[in-house]
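Chemist: As a plain string of letters, each chain reads:
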Amino acid sequence: MKENLPKVLMLGWEFPPIINGGLGVACHDLSSAMSKFADITMVVPKSSLEFKTGKVKLVGANHMNLASLPNYSVSKEMPFNLHSIPVDLDPYYTSSSTDGKVSSGFYNEGKTGSQTGQFDIENLYGGDVIKKVVQFSDIAAAYASTVDFDVIHAHDWMTMIAGMRIKEQTGKPLVMHIHSLEVDRSGPQSKGWVYDLEKQGMEYADMLMPVSNFTAENIHQYYGIKKEKMSVVHNGSVAVPAYKSKKSFKEKTVLFVGRLTRQKGPEKFLDIAARVLEKDPNVRFVMAGTGDYFKSMLEQSSYKHIGNRFHMTGFLNSEKLRHLFSISDVYCMPSVSEPFGLSAVEAAQFGIPCVISKQSGVSEVLKGALTFDHWDIHKAADHILSLLNDQIFRKKIVSDAYQNLDNITWDISAQKIMRSYALNNFIN
Amino acid sequence: MTSICFYFQVHQPFRIRNYSFFDIGTNNPYEDDLKNEEILHKVADKCYLKTNQKMLELIKRHNGKFKISYSISGTAIEQFEKYRPDVLQSFVDLANTGCVEFLAETYSHSLSFVYSKKEFVRQVRKHGKMIKKHFNQEPKIFRNTELIYNNELAVFLEGMGYQGVICEGVDRLLNGRSPNYVYKPQGADKTKLLLKNHLLSDDIAFRFSDRGWKEFPLTADKFSTWVHSVAGQGETINLFMDYETFGEHQWESTGIFDFLDHLPSHIFKHPDFDFKTPSEVIANYPARDTYDAHNFISWADTERDLSAWLSNSMQHEALKQIYSLEDKVKACGNNEVLKIWERLQTSDHFYYMCTKFWNDGDVHKYFSPFESPYDAYMYYMNVFSDLEIKLNEMIEKIEQPVLVHQPNQINLEFPGDAQNLGVLIENIQQSIIEETNAKNTSLAVA
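Respectively, the protein sequence lines represent chains A and B. Counting in the numbering used here, the first sequence runs from 1 upward without gaps. Counting in the numbering used here, the second sequence runs from 1 upward without gaps.
Be aware that a few hints might be false.
What the hints assert, rightly or not - Here are the simulated DSSO-like cross-link-like pairs (lysine-lysine), alpha carbons at most 27 Å apart as the crow flies:
(1) B:K390 - B:K320
(2) B:K390 - A:K320
(3) A:K320 - B:K35
(4) A:K250 - B:K397
(5) B:K118 - B:K60
(6) B:K397 - A:K279
(7) A:K279 - B:K356
(8) B:K269 - A:K304
(9) A:K252 - A:K199
(10) A:K279 - B:K132
(11) B:K390 - A:K250
(12) B:K60 - A:K250
(13) A:K246 - B:K390
(14) A:K199 - A:K244
(15) A:K76 - A:K226
(16) B:K60 - B:K222
(17) B:K328 - B:K339
(18) A:K295 - B:K365
(19) A:K226 - A:K131
(20) B:K222 - A:K250
(21) A:K57 - A:K76
(22) B:K132 - B:K118
(23) A:K247 - B:K129
(24) A:K250 - B:K320
(25) A:K379 - A:K226
(26) A:K76 - A:K250
(27) B:K132 - A:K304
(28) B:K54 - A:K252
(29) B:K397 - A:K246
(30) B:K390 - A:K247
(31) B:K397 - A:K295
(32) B:K390 - B:K118
(33) B:K397 - B:K50
(34) B:K60 - A:K304
(35) B:K390 - A:K252
(36) A:K250 - B:K35
(37) B:K35 - A:K295
(38) B:K42 - B:K65
(39) A:K358 - A:K36
Quick caveat, the hints were computed from the structure, so don't treat them as lab data.
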């Protein structure tokens with residue numbers, strides 16, 4: 001590594017191959033792109049030793065010898081006066097809060113609290129997440145005191161406490177990259193402990209990098225943070241080997257991909273499906289993914305008597321998912337609140353026209369997509385019917401979106417980040 | 001005299017596999033042959049062969065005074081033929097004793113009576129032919145899938161010439177009366193009803209090995225005392241249960257076979273008790289009162305109604321969709337397609353989709369090859385979608401307009417006189433009129 005490159009200490013949560021959603025992929029692709037312009041050290045709770053990430057120095061807390069970290073100590077209390085202690089929840093599905101203090105013995109029970117052992121984390125989101133978040137901050141802060149860097153770059157709320165502590169201890173500028181907010185996941189009324197943490201963290205940070213104007217607007221509206229402090233960095237995408245396959249049936253296929261949670265609007269997809277099928281029964285709707293709406297989707301589709309046209313696949317690996325893209329005619333993303341929405345970009349790469357909600361970040365860059373307000377299922381259905389029945393229109397939409405892809409790259413994202421660092425004098 | 005009337009249900013479904021969206025339109029099989037074969041071997045070894053052997057022994061030991069009856073579904077017989085001919089042979093041996101009666105039912109253990117009278121008639125006839133072929137009997141007594149029953153069924157069956165019907169003795173319909181008499185159905189004149197004594201039947205079928213039951217352990221001696229206590233207050237004690245009770249639901253280690261072995265001799269200790277087949281019961285005892293089942297009843301779950309197969313929207317959708325194919329299936333004239341469609345009507349598929357909880361849910365789960373009712377529905381609908389595609393392709397190829405109902409074409413080959421046939425045709429025509437009306441109504445709404 002060259003000495004003169006700026007040094008960035010990145011804090012991530014999920015990272016390939018250990019991932020749950022889009023965050024891990026985005027962190028990986030972004031850090032790889034940035035490593036052309038900076039020395040990147042990425043600290044994550046769990047890494048796989050076999051996994052290589054180019055020039056990025058990947059540090060997994062699970063592989064660290066805690067005894068060798070000079071300043072490592074275990075937090076006895078919640079840092080930054082954060083009071084709410086959650087118990088056993090999955091932050092990517094919902095948030096609820098339970099008031100209480102850190103119980104005694106909370107951090108020194110068993111293997112996870114061991115002062116000398118390694119950080120042992122089985123499941124990034126299962127069990128007591130805040131306990132893992134605080135433990136991660138203990139380790140990351142101790143690690144930070146042993147290395148040299150110019151900027152702290154933290155991704156989403158799970159790494160915020162760590163980022164705040166490192167800023168407090170080193171005085172280095174703190175950038176928070178916002179991929180997803182509690183108000184996206186749980187709705188605008190959510191005021192739980194994750195929300196509190198996000199608000200405090202974003203206020204404490206020197207700069208915010210939301211993944212879209214849509215998210216910047218939400219940060220301003222729901223967290224009261226000035227837009228001057230934000231620099232929008234749209235996600236990029238990695239070119240995938242796109243291909244077309246022959247379907248084993250003749251009906252057109254409309255695809256939904258994503259976690260089946262409120263945020264992604266699965267029930268909107270069902271309503272849209274029912275509406276389209278009223279006009280054209282020769283269409284199949286395929287819902288790929290799993291989540292807490294899974295059962296309800298099956299029940300509702302049967303209730304609407306479209307059980308023979310509405311198919312659920314459950315969780316799919318990437319190979320199966322690509323196959324699904326390769327046989328689909330329209331991609332539909334009816335998200336209620338989508339900070340970005342990378343899967344729409346992937347659909348565009350496969351030459352599939354996209355019908356996506358206006359409440360998504362990706363609609364700002366994938367301008368060729370047809371959009372609708374997530375509550376306007378009639379409009380979405382009309383878009384889908386037009387795309388299925390009007391081949392000329394369809395070709396135009398596909399080619400428009402395809403042209404947008406040139407501007408959706410991680411190199412552009414990385415350059416924008418470096419420029420913002422420099423403009424704010426975080427680096428020389 | 002009081003008679004014990006044993007009736008055993010023998011049934012195995014053709015279970016479908018985890019048929020995914022990606023299977024639709026391919027030539028991948030619907031059924032899980034491996035699992036079906038594995039389960040059949042297991043039940044054959046644990047239950048059918050052992051119990052049949054025991055029954056044969058008992059009939060011989062008691063010089064033909066021990067009598068029993070079976071209904072065996074067409075899908076079970078097909079699996080015996082395919083995987084275990086020795087089981088089929090052991091039923092034939094029982095038939096040859098003259099002490100065993102075989103009952104009529106729908107071929108694929110289906111809910112066809114609820115959804116299509118025309119298909120119901122076809123399946124009952126097909127099943128009757130199969131029974132005749134293997135056991136040389138023409139069934140005179142009918143028992144519907146899982147004892148699903150209502151007044152309309154009895155009237156319909158009377159029209160088809162059946163002399164009796166087996167059904168559940170539901171407390172709310174008996175209203176304090178005893179199930180231990182022959183009843184007549186509301187609205188039918190000749191047909192008689194045999195009502196399951198659910199207390200005594202379930203003592204064997206469900207409670208036999210329940211260590212928490214205050215009567216545990218149940219001995220043949222004790223059970224016979226309960227039976228004998230009916231003396232003077234009943235004419236027939238109808239013990240109806242799944243045949244798999246012996247050796248499969250109640251394992252051999254519970255002592256169920258010893259119980260069975262000793263039961264007849266204990267029953268015979270009282271001179272006023274004997275065993276009769278359903279036909280004999282009906283011939284020997286008059287109907288003492290009317291049993292009025294306006295709504296559907298069954299022997300399933302604690303509700304004793306259709307809710308095991310028809311309580312949530314998934315079950316309604318799956319059933320509605322599969323029966324919606326009837327005209328096309330029959331129009332395409334392909335026996336293989338007909339067979340597949342028939343098997344997809346098997347009630348077990350819809351039973352697996354049941355989401356009722358509590359104790360009944362446990363039973364549903366025990367029998368289901370799927371992880372959840374939702375999986376059961378999801379995979380079933382994928383299979384359905386594939387069948388629908390293939391059927392539409394075949395119909396397109398033969399370029400023939402889809403046949404509408406043509407009641408005159410039904411080949412009426414069932415027992416009964418001309419008058420009964422007239423009733424049957426009337427019934428079918430009525431059902432067609434109703435169906436047509438329903439279709440028109442739904443079209444008008446659309």
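Chemist: Hint by hint, say whether it matches the structure.
Modeler: Evaluated hints:
1. B:K390 - B:K320: holds (19 Å)
2. B:K390 - A:K320: Cα-Cα ~24 Å, so holds.
3. A:K320 - B:K35: Holds, because 26 Å separates the two Cα atoms, which is no more than 27 Å.
4. A:K250 - B:K397: holds (15 Å)
5. B:K118 - B:K60: violated (42 Å)
6. B:K397 - A:K279: holds (26 Å)
7. A:K279 - B:K356: Roughly 35 Å between the alpha carbons, so the hint for A:K279 and B:K356 is violated.
8. B:K269 - A:K304: Judged against 27 Å, a Cα distance of about 61 Å means the pair is violated.
9. A:K252 - A:K199: Violated, because 45 Å separates the two Cα atoms, which is more than 27 Å.
10. A:K279 - B:K132: violated (50 Å)
11. B:K390 - A:K250: holds (11 Å)
12. B:K60 - A:K250: violated (62 Å)
13. A:K246 - B:K390: holds (17 Å)
14. A:K199 - A:K244: violated (45 Å)
15. A:K76 - A:K226: violated (33 Å)
16. B:K60 - B:K222: holds (24 Å)
17. B:K328 - B:K339: Judged against 27 Å, a Cα distance of about 13 Å means the pair holds.
18. A:K295 - B:K365: holds (17 Å)
19. A:K226 - A:K131: violated (30 Å)
20. B:K222 - A:K250: violated (65 Å)
21. A:K57 - A:K76: violated (30 Å)
22. B:K132 - B:K118: holds (21 Å)
23. A:K247 - B:K129: violated (42 Å)
24. A:K250 - B:K320: OK: A:K250 and B:K320 at ~23 Å, within 27 Å.
25. A:K379 - A:K226: violated (34 Å)
26. A:K76 - A:K250: Violated, at about 63 Å.
27. B:K132 - A:K304: Judged against 27 Å, a Cα distance of about 44 Å means the pair is violated.
28. B:K54 - A:K252: Violated - the C-alpha atoms of A:K252 and B:K54 are around 58 Å apart, more than 27 Å.
29. B:K397 - A:K246: holds (22 Å)
30. B:K390 - A:K247: holds (14 Å)
31. B:K397 - A:K295: violated (38 Å)
32. B:K390 - B:K118: It holds: about 23 Å lies between the C-alpha atoms, which stays within 27 Å.
33. B:K397 - B:K50: Violated. B:K397 to B:K50 sits at ~50 Å, over the 27 Å cutoff.
34. B:K60 - A:K304: Answer violated: B:K60 to A:K304 is near 58 Å, above 27 Å.
35. B:K390 - A:K252: holds (16 Å)
36. A:K250 - B:K35: violated (31 Å)
37. B:K35 - A:K295: holds (26 Å)
38. B:K42 - B:K65: violated (31 Å)
39. A:K358 - A:K36: The given pair, whose Cα atoms are some 33 Å apart, is violated under the 27 Å limit.
Of the hints listed earlier, those the structure fails to meet are numbers 5, 7, 8, 9, 10, 12, 14, 15, 19, 20, 21, 23, 25, 26, 27, 28, 31, 33, 34, 36, 38, 39, in rising order.
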